[in-house]
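So you can see what is in the structure, the chains are spelled out below.
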Amino acid sequence: MSALPEYRTRVILEGEGVPVVQGIFLETGSAPPDALPGTPVYLKAQIPGATSRKAQGLVRRVDSIDDIPIELKAIEQAADGAMEGILIASGLDIIKEYYAACTLDFGSEERLPGGVLVFSAEGGSGVEERSGSLVSIPFLLIAPPSPGDIMDALPSSVPEASAESLASLLHGMIGTFLKYRLTVLEANPVGLLADGSVTVVDCRAEFEKSAVRKGDRDLFITPGSKGSADLTPLERKVAAINAADPSGTGFFRQNREVPPAGALRVATNLCGGGGKMLWEMTTGYRPSIFTMNESDTSGGLSAFKSCRILKVILSQEGAQVLILTGSGMAFQNQHHLAAAVWKALRESPTPLPCLLRFGGTDENRARELFERVSGSLPVQVRTYPAEIFPNAMADDLEVIALSEALSVDPPPPAQGEPFLTVEVPPGRIFFYPELWPFEESPPSVTACPTGFLKWEDGTLSVDTEARCIGCLMCECAALLDGNSEIRIELDMPEEVD
Amino acid sequence: MAGILKHLAGIETPETLVFGITGRQGRSKSRLMKKYGTHIIAGCTPGKGGQEIDGVPVFNSAAEAVEAFPRLNTAVLFVPAGAVKKAAMDAIDAGLAFLVLAADGVPVHDEIILKEYAATRDTVYLGPNTVGLLDTDGYLFGLIGGSATWAKRNYLPGKVGVISRSGGLSQLLGAFHCRPDLPGLRSDGSFGPLWGDDFPGVSAVVCVGGDPVPGVSILDAARAFEKDPRTEVIAVYGETGTTQENDLARAVTAGEISKPIVVFLGGKFTQAGVAQSHAGAMIRNKEESWGAKKEALETAGITVVERPDAVFGAVLGKLD
Numbered sequence: 004m005s006a007l008p009e010y011r012t013r014v015i016l017e018g019e020g021v022p023v024v025q026g027i028f029l030e031t032g033s034a035p036p037d038a039l040p041g042t043p044v045y046l047k048a049q050i051p052g053a054t055s056r057k058a059q060g061l062v063r064r065v066d067s068i069d070d071i072p073i074e075l076k077a078i079e080q081a082a083d084g085a086m087e088g089i090l091i092a093s094g095l096d097i098i099k100e101y102y103a104a105c106t107l108d109f110g111s112e113e114r115l116p117g118g119v120l121v122f123s124a125e126g127g128s129g130v131e132e133r134s135g136s137l138v139s140i141p142f143l144l145i146a147p148p149s150p151g152d153i154m155d156a157l158p159s160s161v162p163e164a165s166a167e168s169l170a171s172l173l174h175g176m177i178g179t180f181l182k183y184r185l186t187v188l189e190a191n192p193v194g195l196l197a198d199g200s201v202t203v204v205d206c207r208a209e210f211e212k213s214a215v216r217k218g219d220r221d222l223f224i225t226p227g228s229k230g231s232a233d234l235t236p237l238e239r240k241v242a243a244i245n246a247a248d249p250s251g252t253g254f255f256r257q258n259r260e261v262p263p264a265g266a267l268r269v270a271t272n273l274c275g276g277g278g279k280m281l282w283e284m285t286t287g288y289r290p291s292i293f294t295m296n297e298s299d300t301s302g303g304l305s306a307f308k309s310c311r312i313l314k315v316i317l318s319q320e321g322a323q324v325l326i327l328t329g330s331g332m333a334f335q336n337q338h339h340l341a342a343a344v345w346k347a348l349r350e351s352p353t354p355l356p357c358l359l360r361f362g363g364t365d366e367n368r369a370r371e372l373f374e375r376v377s378g379s380l381p382v383q384v385r386t387y388p389a390e391i392f393p394n395a396m397a398d399d400l401e402v403i404a405l406s407e408a409l410s411v412d413p414p415p416p417a418q419g420e421p422f423l424t425v426e427v428p429p430g431r432i433f434f435y436p437e438l439w440p441f442e443e444s445p446p447s448v449t450a451c452p453t454g455f456l457k458w459e460d461g462t463l464s465v466d467t468e469a470r471c472i473g474c475l476m477c478e479c480a481a482l483l484d485g486n487s488e489i490r491i492e493l494d495m496p497e498e499v500d
Numbered sequence: 003m004a005g006i007l008k009h010l011a012g013i014e015t016p017e018t019l020v021f022g023i024t025g026r027q028g029r030s031k032s033r034l035m036k037k038y039g040t041h042i043i044a045g046c047t048p049g050k051g052g053q054e055i056d057g058v059p060v061f062n063s064a065a066e067a068v069e070a071f072p073r074l075n076t077a078v079l080f081v082p083a084g085a086v087k088k089a090a091m092d093a094i095d096a097g098l099a100f101l102v103l104a105a106d107g108v109p110v111h112d113e114i115i116l117k118e119y120a121a122t123r124d125t126v127y128l129g130p131n132t133v134g135l136l137d138t139d140g141y142l143f144g145l146i147g148g149s150a151t152w153a154k155r156n157y158l159p160g161k162v163g164v165i166s167r168s169g170g171l172s173q174l175l176g177a178f179h180c181r182p183d184l185p186g187l188r189s190d191g192s193f194g195p196l197w198g199d200d201f202p203g204v205s206a207v208v209c210v211g212g213d214p215v216p217g218v219s220i221l222d223a224a225r226a227f228e229k230d231p232r233t234e235v236i237a238v239y240g241e242t243g244t245t246q247e248n249d250l251a252r253a254v255t256a257g258e259i260s261k262p263i264v265v266f267l268g269g270k271f272t273q274a275g276v277a278q279s280h281a282g283a284m285i286r287n288k289e290e291s292w293g294a295k296k297e298a299l300e301t302a303g304i305t306v307v308e309r310p311d312a313v314f315g316a317v318l319g320k321l322d
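Keeping their order, the protein sequence lines are chains A and B.
The numbers in our numbering rise by one with no breaks, and the one at position 290 of the first sequence is 293.
The numbers in our numbering rise by one with no breaks, and the one at position 228 of the second sequence is 230.
It cannot be assumed that every hint is accurate.
Said to hold, decoys possible - Think about it this way: if two alpha-carbon atoms lie no more than 30 Å apart in a straight line, the pair counts; the simulated DSS-like pairs of lysine-lysine are:
(1) Lys8/B to Lys161/B
(2) Lys217/A to Lys88/B
(3) Lys457/A to Lys37/B
(4) Lys8/B to Lys288/B
(5) Lys37/B to Lys50/B
(6) Lys457/A to Lys36/B
FYI, nobody ran anything at the bench for these hints, they're computed from the structure.
Everything numeric in this text was worked out from a predicted model, so none of it was measured.
Construct all of the structure, not just a fragment, from the sequences and the given hints.
Printed below as a string of structure tokens:
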């Protein structure tokens with residue numbers, strides 16, 4: 004889940020008519036305001052997902068406008084570049100603090116899923132430890148409660164005079180929660196004022212990126228926010244690959260932990276959730292294995308994209324061996340994936356010895372293909388049938404990791420102008436007619452599974468009704484059965500600082 | 003051609019509508035399904051009514067399709083995640099009894115709303131985030147097998163009912179029960195071929211999907227296999243997150259399910275609150291943890307295995 008900081012949560016609450024304490028948002032680096040809504044004010048660093056801000060010096064009370072510049076600077080230093088800005092919120096005379104939150108209940112056999120409004124008349128401080136004071140009001144998302152329903156459910160300790168305005172505020176919170184499809188919306192505290200009115204003093208929200216509607220993206224997803232700044236250079240490369248070719252899943256995340264001394268450092272290409280789970284069930288029993296990265300390449304991505312991501316996985320500093328496995332029964336053509344692995348190993352400046360498990364559609368073709376191309380690879384590779392699971396493959400990790408590199412030169416870069424540039428999935432096809440000066444169709448063309456590449460009167464052309472699916476079969480066939488007459492160039496993102 | 007759908011959704015002969023048939027995935031998976039034997043008689047893409055895709059007429063809405071073909075009773079949705087809720091409600095309102103929602107990444111609010119909406123109506127749905135359902139009686143919804151040829155060769159009629167929260171492991175648990183000479187962990191602890199050509203085979207494979215609020219749950223699918231006369235053993239891939247395995251254990255304890263069950267339970271090392279590849283695998287409370295699920299399942303008399311290659315020997319033991 005992604006987190007929405009207070010200043011942005013306030014915007015969506017106000018949009019639904021929920022009263023929030025007066026405040027001014029200052030972007031990081033902008034000048035202090037000339038005037039304040041009154042004093043005292045509270046300066047609050049705005050960091051998505053941050054907790055315990057007071058204890059970290061990220062929330063400060065200021066009683067005079069003259070002190071603002073110094074305190075702003077102090078907060079900026081404490082935030083250490085992580086914040087989006089500072090919220091200057093008015094201080095209020097609160098006679099009672101309440102806690103309120105909306106969350107989701109995923110349901111079970113006994114009960115339908117839905118939303119839950121959680122309320123405490125005892126305030127929000129330490130609310131996690133005081134579950135007994137919480138009132139839960141479950142509701143259906145398709146039939147949320149009315150202000151009257153909410154008022155009826157409020158505990159008797161809420162003063163009668165403020166019950167109506169509190170119910171209205173909570174109703175507005177539910178409206179906000181539903182409108183933006185939030186997973187959590189918390190107001191902590193909601194302040195009861197002397198005049199009986201209530202207002203949200205502090206708030207935050209959590210959301211799924213997939214639930215953010217197009218028109219709301221600016222509000223929810225800040226460019227350059229902490230999320231993207233946290234990426235490693237290699238993760239940013241994969242992000243760039245995904246941006247250029249959004250097909251399928253191309254997830255890659257490096258392990259931030261330091262490998263224990265003597266641990267075997269394993270780069271992984273895991274395909275699908277099942278593959279990830281099988282690997283986790285394997286390594287959980289083996290503390291001597293240090294998994295360098297998480298990855299998931301699945302969901303119908305092309306071999307072009309698999310190859311690019313594999314090159315990134317291979318380039319992890321310190322990695323000793325690559326393991327590739329899915330659940331063992333993939334939907335993607337496994338021989339296309341095999342071609343991607345072969346090309347990545349062949350062209351990568353940092354190839355790794357590998358354990359490869361192909362399982363699923365055309366798995367036998369995948370293994371056969373690998374056996375045929377293995378002589379062109381600079382590293383030792385073992386392939387496994389789907390019946391051999393990662394828990395058994397792991398027994399071979401150390402031997403293959405310590406195997407010697409083979410003396411095979413990488414292929415030279417493609418020369419000349421490409422025959423064709425494919426836009427989706429992105430790649431450049433080079434054809435060298437001098438290497439195929441024959442009338443009959445070259446193996447690289449007959450290998451094209453979609454009929455995109457055509458051979459007419461001794462000349463290469465394309466069928467515009469068909470499409471290139473980026474499977475690399477042409478290049479494999481050119482190497483194995485032809486004269487290397489076709490080469491595919493897959494550009495990698497530039498090095499990212 | 004009744005199969006598991008008779009027990010899951012009361013359908014004797016599935017007649018199918020494909021949402022998104024004009025898109026790339028919808029078109030290619032429709033070909034797969036038709037080639038396998040599924041009766042696809044209509045397609046649906048708003049704004050593209052009147053077209054034909056591979057001889058299948060396309061309509062603007064489910065209601066229009068049902069009006070033209072009143073025998074329609076099932077639908078497979080190949081629509082983007084953001085469009086699933088609306089399309090599924092359209093199919094529910096049109097009276098279709100069984101839906102398969104293939105898309106990954108459906109917002110959880112939409113999943114909950116769909117569950118609430120379907121609860122008072124006569125529609126059962128599989129997914130979201132599912133590879134679908136395959137019945138060896140001759141129909142397939144979704145993308146199991148990757149190709150019809152592969153699916154026909156690898157899923158052969160037999161005695162095992164497969165339920166899984168993972169797409170890949172749905173395929174694997176189904177196909178490996180149909181693979182001659184499959185090596186695996188035997189009951190005596192040795193490793194080797196479990197059977198020769200007399201593999202147990204499968205009745206059906208039901209992928210309930212990897213999301214936190216599935217339509218058909220593991221228990222719903224187990225109830226269907228309980229009634230299915232072909233099924234003698236139920237093989238399940240379960241994992242952390244959601245209450246599905248806990249609900250299954252309670253139903254077995256209550257005597258609602260009497261057929262033997264083997265569960266390969268993933269997520270032993272999954273930490274609470276950490277996002278997983280399957281959105282539904284995140285542990286939100288103690289009941290959803292691996293340990294709690296294992297204990298609940300075993301207390302109910304269900305066999306739990308921790309290694310994928312131990313599933314098949316355990317199933318064989320139940321068949322003996």
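Hints, verified against the model:
| no. | hint | verdict |
| --- | --- | --- |
| 1 | Lys8/B to Lys161/B | holds, 17 Å |
| 2 | Lys217/A to Lys88/B | holds, 17 Å |
| 3 | Lys457/A to Lys37/B | holds, 27 Å |
| 4 | Lys8/B to Lys288/B | violated, 36 Å |
| 5 | Lys37/B to Lys50/B | holds, 24 Å |
| 6 | Lys457/A to Lys36/B | holds, 29 Å |
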